[in-house]
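Make a model of the complete structure from these sequences and hints.
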Amino acid sequence: MAVNWAQVIFNSVVTGSLYLIGAVGLTLTYGLSKFPNFAHAELITIGAFIGYFVTEQLGLGWPMALVVAFISSGLVGFLCCRGIFQPLARRGSSIIHLMVASIALGFILRHSVGAAWTWKPLYFTTHWSAFDVGPLRITGLWLWLIISALGLSLVMHLFLMYTKMGKAIRASSSNPALARASGINVDRVIWVTWFIGAGLAAVAGVFRGADTQIWPMTGWDIILPVFAVAILGGIGNFYGAIAAAFIIGLAENIGVVGLMALGVSTTYRIGIAFLILIVTLIVKPEGLAMLFRRA
Amino acid sequence: MEDALLKIKEVSKHFGGVYAVNGVSLEVHRGGICGLVGPNGSGKSTLFGTILGLHKPDQGEIYFQNEFINHLAPHTIYERGMVNAFQIPRLFYSMTVMDNMLVAARGQKGDRLFNSLFLRKNWQMQEKGLIEEALDILELIELEPWAFTPASELSGGQRKLLELGRGLMARPTLLLLDEPAAGINPVLGKKLFQKLKALSADGMAIFVVEHRLEILFEFASWVYVMDKGRIALAGKPQDIIDNPNFYAIYLGEE
Amino acid sequence: MDPLLYVLDLVVFIGIFGIVSLSLNLEFGFAGLANFGKVAFFLIGAYTYALLSQVGVPFYLCLIASAVVSAIFGLLISLPALRLRADYLAIAILAFGEILRLIVKSEDWLAGGDWGITVAPAISVAGASHRVDALINIGLVYFCLLIFFFIIQLLANSPYGRAMRAIREDELAAEVMGKSRTKFKAQALMIGSAMAGVAGALYVQYQYSVLPGMFMPMITFTVWIMVLLGGPGNNWGVLLGATLVEVFERGTNIAKDYIDLPVDPSNLQYILFGALIIFVLLYRPQGILKESKIRSKVQRLAFNGRRSAKNKGS
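First to last, the sequence lines map onto chains U, W and D. Counting along the first sequence from 1, when you hit position 180 you're at 180 in my numbering, and nothing is skipped either side. Counting along the second sequence from 1, when you hit position 143 you're at 143 in my numbering, and nothing is skipped either side. Counting along the third sequence from 1, when you hit position 69 you're at 69 in my numbering, and nothing is skipped either side.
Derived from the structure by calculation, the hints contain no laboratory data. Note that this is a predicted model, so its numbers are computed, not measured. Note that CB positions come from ideal geometry on N, CA and C, so glycine has one too. Treat each hint with caution, since some may be false.
A few chain U residues facing chain D, derived, Cβ under 10 Å [said to hold, decoys possible]:
no.	residue
1	Y30
2	F35
3	F53
4	R91
5	I95
6	F246
7	M260
8	A261
9	V264
10	S265
11	Y268
12	I278
Structure below.
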C-alpha cells in the first residue's frame, strides 16, 4: 500500500492546529479553576454557530466571523465562570459537583443553540480553493487553520511572557495564594482566562464547522481529543498543550494509515485520542508537564 | 527483658531532599507508657506516619511484634493491632459518635460483603457487644450523653476525646497517640492518663507524643527526645529532666 | 398513543433507570466513586443479553450473564482506576464508555454495527396486546429492582455500609482504621456494574433491539441528575429522582403531541433539565432527600435500652 507520507504529515499539522486552538482554553481554565469544564464543548459549538451567523446570515465575511465568534463565546465563557462556577466554588462545591454543573450548562447551551438555529447540519457556503503543492493536497481553509494556530500561539506566548496580565495568569496558575498575597487580583485573572479560553474555543469551532459541519454537537464531536491534548500536555500548561496537540494529531493520522493497513475500520480514528487520554491518566497524569515550563 | 513490641532501626524519610526523619532507632515495650517529645518540626508526626504505613521509609526497618512491616498497607497494620489517634482528629463527621466508635472496632464480621448480606445474625450479635463496649468507653471519656448525635455537633475538645475513644475501641496492642490531652481540661486529662497507665499495666503498649511535659513525666516510664529528625536523648523521665541538654533542645538553642 | 400505554411505558422506564440510579448511588452516594461511565456497563449488559438470547439462552440465564460480565468489567476497571483522582477517574471512564460504543458501532460482525440486531423479549405471550407486554415487563423489571433495592439497603445499614461511608468521607483515615479502600471501592464498582448491566439487558429486551445509538454519554448524565436530584446516599431519594426525571422526560414528549409550543419541547426539556441541576447544586446540593442514617436495629435497641435505664435511674 503506497502511503503519501507528506500528506500524512500535513494532515497531522492540520489536526494538531485545530486541537491546539480548542485545547488552550480548556487547559488554562482547568488548571486555574481546578475542574474539567465539559461545557467547553459548547463554547466551541457556539463559535461555529456565531461564525455561521456572521458569514451566512449577515454576509460579513470570514475574518469578521472569527472575531465576532471569539468575542461572543468569550463573553459566554466569562458569564458561565462568574455566574455559575464561581458561586458554586464559593459554596464549597467539590470538583465533581463543578464538573456536573458544567455538563448541565452544556445541556442548556447546546439546546439553546439547537432551538435558536436548528439541529439539522448547516454548512458554510464559502468556497475554499484546493490546490496541489507537489504531493500535497492543500485547501485554503487548512492553510488558514495552520496560520491561525501558529499566530494565536505566538500571541499567547507573548501575552503570557511579557504582559502584566499574562504574568499574573502564570503566577495564579502555579500558586493562587501567593499570587493573591502579592496583590494580584486573582478574580480578574480568572475572568480574563475564561474569556480568552472561550474565545479560542470559538475560533476552533468556526474552523471545525467549516471543515465538517455546523450542528449543536460540533463541540462534542471533538471534545475528547481536546481533553486528551489538555491532559497529555499537562493541565494548565500552555506549552505542553502545543506539543500534545501535534503529537495527538500525528498519532491520529499515522493511526489511520495503520488502521487501513490492518484492514480495520477507520472510524476508530477518534479512538486513538481516547486511548492516549486513558493511558496518560493512568500512567502519568501530569502528562508532559515535566518537560515544559509552567503555563 | 521482654522483646520490644515495636522496633525501629535507622529509619529515614525525606520529602524532596529534606530529611524529616533521619536515622531514628527506638523501641517500645509493653507494660508502660513511652513518651516522644521534641520541638515543633522535629519529625514526630512524620515518624508516626511512617510507622503506620502512610509513608514508606526510605531507609531502615520497622518491626512490629517481630514482623517486618515496612511494606504493609495501613489497613493491614491496623488489623495487626497498631492503632493511631491523630493530633487533629480525623473523625467521620457525617456519622454519629456511636458509628465512629463502631467503625474503629477490629475484626468486625460485618465488614465483609458476604457476611453483611447472608450472615446477619452473626454480625448483629457481635455489634451488640461492641455497642456495650463503646458506651463504656464513651462514659470514661465523658461523651456518653452524645452517643447517638452526629460527630459534627461535638466541640473541639470533645472531638479530641472521641479520637482517643476510637483508638481505645480498637483494643490495640500498640496505641500511638499524638497529643491526646491537647485542648482538654487538666482534670480530665489527668484522668485519661491514669486510665492509659492502667491499660498499659494490663499489657497494652502506648507510645505518646505530648507537649505537656509534666503530664508525660508523671505517667511515662521511658521518654525519647527528638530533634531535627534524630533521637537526641533517651531515658527514664527523671534522667531526661536532669540532663542539661534537654532544655537547650526544647527551647531550640544550639 | 394510548394514554394508559404511556403510563405503563413510563413505569417500566422508571423501574429500569431506578436500578441504574441505585447502582450509581452505591458507587457515588455511599462509596464516593464518581463513575461517569455508567453507560459503558449498561451497554455491556445489553449486548451480553442480546448476543446470548440470540443463540437461544433462556432469559434468566442471560440476565445473570449480563450481571456477571458487567461485574467483571467493573473489576477490571477498578484495577487501574481506583488510584486516580476523582476528576481523572471521571474523564477516563467516560472515554472508556465512548471507546466501547465505538467498538460496537464499527464491528458489524459483533452485533450488527450501527444497525444493531433485534432482541427477543424475555417473556412473551402469544397474541398479547401492547398493554399486556408492558405489564409483563413491569413485573420483570420491578422484580429485579426489588431484589437490588433489598441488597443495597442491607449493605447500607450494616458495618459494611458504615465502612464504605467512612472511606467516602476520609479515605486516609478509614485506611488507617483498618478499612481497605481498594477492596471496598472495587466491590462497590463490581456490584454497581452488575446492576447497571442487568438494567441494560432489561432495557434492550423491552425495546426489542440493541443499537450503539442507545448508549450515548447522555444516559450517564441523566442518571447523575437522578442521583443528585433525589439525594446521594439515600436509596429512596435516588428512586424519587429517577421517577421525577423520567416523568419530566416522557411528560414533555407526550405534551409535544397535545400542546403547541413555540420552542421544540425536546430542546426546552434539556434546557430546563440543565437549569434544574444547576439550581439543585447551588441551593440544595444534598438533594431532595438527605443522606440516610445508618439504620441499625441493634443500635436502636441499645439507644432505647440506655434511655429507659436512665429514666428509671433518675
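Report task. Verify the interface restraint on Y268 (chain U): the C-beta must sit less than 10 Å from at least one C-beta of chain D. Result -> holds, 6 Å
Query - chain D contact restraint on F246 (chain U) - CB to CB distance below 10 Å - result: violated, 20 Å
Query raised in the report: Holds or violated: is the Cβ of S265 (chain U) closer than 10 Å to a Cβ in chain D?
Result: holds, 4 Å
Report task. Double-check Y30 (chain U) for me: the hint is only fine if its C-beta lies closer than 10 Å to a C-beta in chain D. Result -> At about 9 Å, which falls below the 10 Å cut-off, the nearest Cβ of chain D leaves the hint on Y30 (chain U) intact, so it holds.
Query raised in the report: Regarding the hint that M260 (chain U) lies at the interface with chain D, is the smallest CB-CB distance below 10 Å?
Result: Check failed: Cβ of M260 (chain U) comes no nearer than 13 Å to chain D, outside 10 Å.
Query - Evaluation of the interface hint that places F53 (chain U) against chain D, nearest CB under 10 Å - result: This interface hint is violated because 18 Å lies over the 10 Å limit.
Query raised in the report: For the hint on R91 (chain U), does the least C-beta distance to chain D fall short of 10 Å?
Result: Interface hint status for R91 (chain U): holds (7 Å vs cutoff 10 Å).
Query raised in the report: Are I278 (chain U) and chain D close enough, Cβ to Cβ, to be under 10 Å, as the hint says?
Result: Since chain D brings a Cβ to about 5 Å from I278 (chain U), closer than 10 Å, the hint holds.
Query raised in the report: Per the CB criterion, is F35 (chain U) less than 10 Å away from chain D?
Result: holds, 6 Å
**Report entry** Hinted contact I95 (chain U) with chain D - closest CB pair below 10 Å
**Finding:** Nearest chain D Cβ about 5 Å off; hint holds.
Query raised in the report: Are A261 (chain U) and chain D close enough, Cβ to Cβ, to be under 10 Å, as the hint says?
Result: violated, 16 Å
Query raised in the report: Once the shortest beta carbon distance from V264 (chain U) to chain D is found, is it less than 10 Å?
Result: Status holds, d = 8 Å.
In summary, the structure is inconsistent with hints 3, 6, 7, 8 from the numbered list given earlier, while agreeing with the others.
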